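Enquirer: If you want the building blocks of each chain, they are given just below.
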Amino acid sequence: MRPFSNNNVLGGEVMAAIPNKKKRKRELLSTVKNPLKIKIAFLTGGSPGEIPEYLEIFLLERGIMPEIYIGGYNRYYEDAVYGINPFAPDIIYFHTTYHDIKSQPEITDSPETVTGKLDEEFERLKTMWGTARARFSCAIVQNNFGYPPERTLGNLDCSDYRGITGFLSALNLKISKYARETPGFYVQDIAYLSAREGLNEWNNAVYMHMYKYTVSLKCMPALAGNLADITAAIYGRRKKCLVLDLDNTLWGGIVGETGVSGLKIGQGDPEGEAFLAFQKYLLRLKQTGILLAATSKNEESVAISGFDADGMLLKRDDFAAFIANWEPKHENIVKIAETLNIGLDSIVFVDDNPAERELIKKLLPEVAVIDASEPIRFLRELDQSGFFEPASLSKDDVSRAETYRANTSRTAYKAEFDDYYEYLKSLSMECFFMPIDEGNAARVASLINKTNQFNMTGLKLTEAEAAAMSGDYITVCARLEDKFGDNGLVSVFIGKAENGACSVLQWVMSCRVFGRKLEYAVFDEVVRLCRANGTKLIKGVYMPTRKNTPVASLYEILGFRRGSAGENGESVWEYEIPEEYESKNDVIDIKHQY
Amino acid sequence: MLERLQQIFRDTFDDETLTISPETTPDDIDGWDSLAHISIIAAVQDEFDIEFELSEFAEITSVASLLALIRTKTAQ
Numbered sequence: 001m002r003p004f005s006n007n008n009v010l011g012g013e014v015m016a017a018i019p020n021k022k023k024r025k026r027e028l029l030s031t032v033k034n035p036l037k038i039k040i041a042f043l044t045g046g047s048p049g050e051i052p053e054y055l056e057i058f059l060l061e062r063g064i065m066p067e068i069y070i071g072g073y074n075r076y077y078e079d080a081v082y083g084i085n086p087f088a089p090d091i092i093y094f095h096t097t098y099h100d101i102k103s104q105p106e107i108t109d110s111p112e113t114v115t116g117k118l119d120e121e122f123e124r125l126k127t128m129w130g131t132a133r134a135r136f137s138c139a140i141v142q143n144n145f146g147y148p149p150e151r152t153l154g155n156l157d158c159s160d161y162r163g164i165t166g167f168l169s170a171l172n173l174k175i176s177k178y179a180r181e182t183p184g185f186y187v188q189d190i191a192y193l194s195a196r197e198g199l200n201e202w203n204n205a206v207y208m209h210m211y212k213y214t215v216s217l218k219c220m221p222a223l224a225g226n227l228a229d230i231t232a233a234i235y236g237r238r239k240k241c242l243v244l245d246l247d248n249t250l251w252g253g254i255v256g257e258t259g260v261s262g263l264k265i266g267q268g269d270p271e272g273e274a275f276l277a278f279q280k281y282l283l284r285l286k287q288t289g290i291l292l293a294a295t296s297k298n299e300e301s302v303a304i305s306g307f308d309a310d311g312m313l314l315k316r317d318d319f320a321a322f323i324a325n326w327e328p329k330h331e332n333i334v335k336i337a338e339t340l341n342i343g344l345d346s347i348v349f350v351d352d353n354p355a356e357r358e359l360i361k362k363l364l365p366e367v368a369v370i371d372a373s374e375p376i377r378f379l380r381e382l383d384q385s386g387f388f389e390p391a392s393l394s395k396d397d398v399s400r401a402e403t404y405r406a407n408t409s410r411t412a413y414k415a416e417f418d419d420y421y422e423y424l425k426s427l428s429m430e431c432f433f434m435p436i437d438e439g440n441a442a443r444v445a446s447l448i449n450k451t452n453q454f455n456m457t458g459l460k461l462t463e464a465e466a467a468a469m470s471g472d473y474i475t476v477c478a479r480l481e482d483k484f485g486d487n488g489l490v491s492v493f494i495g496k497a498e499n500g501a502c503s504v505l506q507w508v509m510s511c512r513v514f515g516r517k518l519e520y521a522v523f524d525e526v527v528r529l530c531r532a533n534g535t536k537l538i539k540g541v542y543m544p545t546r547k548n549t550p551v552a553s554l555y556e557i558l559g560f561r562r563g564s565a566g567e568n569g570e571s572v573w574e575y576e577i578p579e580e581y582e583s584k585n586d587v588i589d590i591k592h593q594y
Numbered sequence: 001m002l003e004r005l006q007q008i009f010r011d012t013f014d015d016e017t018l019t020i021s022p023e024t025t026p027d028d029i030d031g032w033d034s035l036a037h038i039s040i041i042a043a044v045q046d047e048f049d050i051e052f053e054l055s056e057f058a059e060i061t062s063v064a065s066l067l068a069l070i071r072t073k074t075a076q
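Note that the protein sequences, when read in sequence, are chains A and B.
Just so we're aligned: 198 in this note's numbering is position 198 of the first sequence, and the numbers increase by one with no gaps anywhere.
Just so we're aligned: 3 in this note's numbering is position 3 of the second sequence, and the numbers increase by one with no gaps anywhere.
Next up, chain A with everything else stripped away, as it sits in the complex (with noise of 0.2 Å):
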């Protein structure tokens, strides 16, 4: 589906038309700021119907404002050798169908007749397109011919000399040779949109006999939006940088989790293919001259890695910046611009996550997002976006890339909190609390096991054994739902008391939550339990791991007093819980299910 806002794509097979478009239009008008005014002559053979108040949402949307003068209906020819004065167009728009062509092949015809039609048919757009040249110096705009959908030839319709599709598909060779050799003049590729749509949505034939619509409205807004996306591309509107995402979104897997060999990219697998797909296009859209680049939550080392993998495409040389840190993505994002010397409205942001997404849309409106979570959709979406149609392509779009292998030089930059706490608390994170259980030991043993970044001790469990932890034992299970859905299990803390202590046997927690300061909130809980049973010092352990150095901190950071290191270079910690204990979290909704 194609954007409605400059930061919003919508996912779906055909694009739905806005009901209310005289508000959309003044929603824009007014918060749409120095918009670049051009003038737009729609020059049709049929009826235009909504595809101008399309086309004039969809370019406001790009920061463009539109003056749209529609011809006469069926006089496109007229008025682009005689008419339109004293209007000056900057960009004509010639809308026309085969319905237009006055000639078409005829059964009865020759060969050489056919071929004459052909001729006088190019010749005379060829006539239209210099006229409204020489007369208004402008860009035109012509699309080439979708097919009808009918075919009395069937198939031969395409390789007999007198069938119809066989005629527009030379027709549209001749139209894109033309391209090629003139300078402003740009080919809406029709052939291919309404074969996208599908000619059974794009053609209907009700509209077409009763308002002469040569396009359904259903299909309107995407032509229409294809328009603008050319039009922002003649004005050197064409977005030029890609910030994405590495885990689950370039590549299968999260490689601090499973390491380099546990990625899915490539090698036969239909996941991993589909990844393989995607670099595919990324890395020749790279080779048109749009820049590449990553933010990750990953060590750097680790996230460097990834590119190791077998079947990896893309490598780290590929991406212009790469930035991987636990900060919050939208602070790289703004150092990534920085970097690049490129406006934030330059970027278009890909990430499974639709958490991250929703940041930068909250806290960086100006750059555009891609709603969708799994490669198959983001490759689509991305496509049909629009946002990096180009108008041509030179030698220097296509060596850009090597001249901005930059270093990521890292300028300070202080985080927004108040920013950064809003977009938190508009999550609505709800985490409900429950000690280890016979229910739930599988699915904590299965957490403690397989997660290896946020992992104090490296300490292992069968399921037996955490069904095992009652009594002494001081267990917390934290389960976060979000406005997004239900995460699951993500947390589990195991703390043995003794002698008025409590000593941290293990705490865990996923890496699809991380950022959410839900350490903060499991933390307050687990005093909540020390308090409850007389318990005043939580003494723990860090046992450093090649994965887990992303909690080294972690104590530090809630409070706790460095000890002597341990023999085999852990770390020991100790926290008094104080009397008056302020909570630390301050951004999830805590319920208990005790």
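Hints may contain errors.
[Unchecked claim] Taking lysine-lysine and the DSS-like style, the derived pairs with C-alpha atoms no more than 30 Å apart in a straight line are:
#1 K286(A) / K460(A)
#2 K264(A) / K286(A)
#3 K584(A) / K362(A)
#4 K21(A) / K73(B)
#5 K483(A) / K23(A)
#6 K212(A) / K73(B)
#7 K73(B) / K126(A)
#8 K460(A) / K591(A)
#9 K539(A) / K591(A)
If you're looking for bench data, these hints aren't it; they were derived computationally from the structure.
The structure displayed is predicted, hence computed values, not measured ones.
With chain A fixed as given, assemble chain B onto it according to the hints.
Expert: Only chain B this time, still in chain A's reference frame:
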């Protein structure tokens, strides 16, 4: 049914205060031109999940005729 139709009119003419009655005709609403007319018909087909035949289009000349057609076609 009149309420759903009224909302379609409100959206088309961008006027949340617009009210229609079975007696309303194109003369009564400023801006009910052919473009709006086609738009309303399309919205009605979507909203009530019906499809008008070519011959039925010509019958649509007022709110009353619209309501009558909607009734007939949703009953089928």
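Enquirer: Would the pair K73(B) and K126(A) pass a check requiring their Cα atoms to be no farther apart than 30 Å?
Expert: violated, 49 Å
Enquirer: Assess, step by step, whether the Cα of K460(A) is no farther than 30 Å from the Cα of K591(A), and give holds or violated.
Expert: Cα-Cα ~28 Å, so holds.
Enquirer: Decide if the proposed pair is consistent with the structure: K483(A) and K23(A), CA atoms, cutoff 30 Å inclusive.
Expert: holds, 28 Å
Enquirer: Please work out if K539(A) and K591(A) have their alpha carbons no farther apart than 30 Å.
Expert: OK: K539(A) and K591(A) at ~26 Å, within 30 Å.
Enquirer: Holds or violated: K264(A) and K286(A), Cα atoms, limit 30 Å.
Expert: Distance of about 22 Å is within 30 Å: holds.
Enquirer: Does K212(A) pair with K73(B) here, judged by a C-alpha cut-off of 30 Å?
Expert: holds, 25 Å
Enquirer: Starting from K21(A), check that the Cα of K73(B) is at most 30 Å away, please.
Expert: Holds, at about 28 Å.
Enquirer: Holds or violated: are the alpha carbons of K286(A) and K460(A) at most 30 Å from each other?
Expert: violated, 44 Å
Enquirer: Given the hint that K584(A) pairs with K362(A), does the C-alpha gap stay at or below 30 Å?
Expert: This hinted pair holds, its Cα atoms lying about 25 Å apart.
Going through the hint list in order, the structure does not satisfy hints 1, 7.
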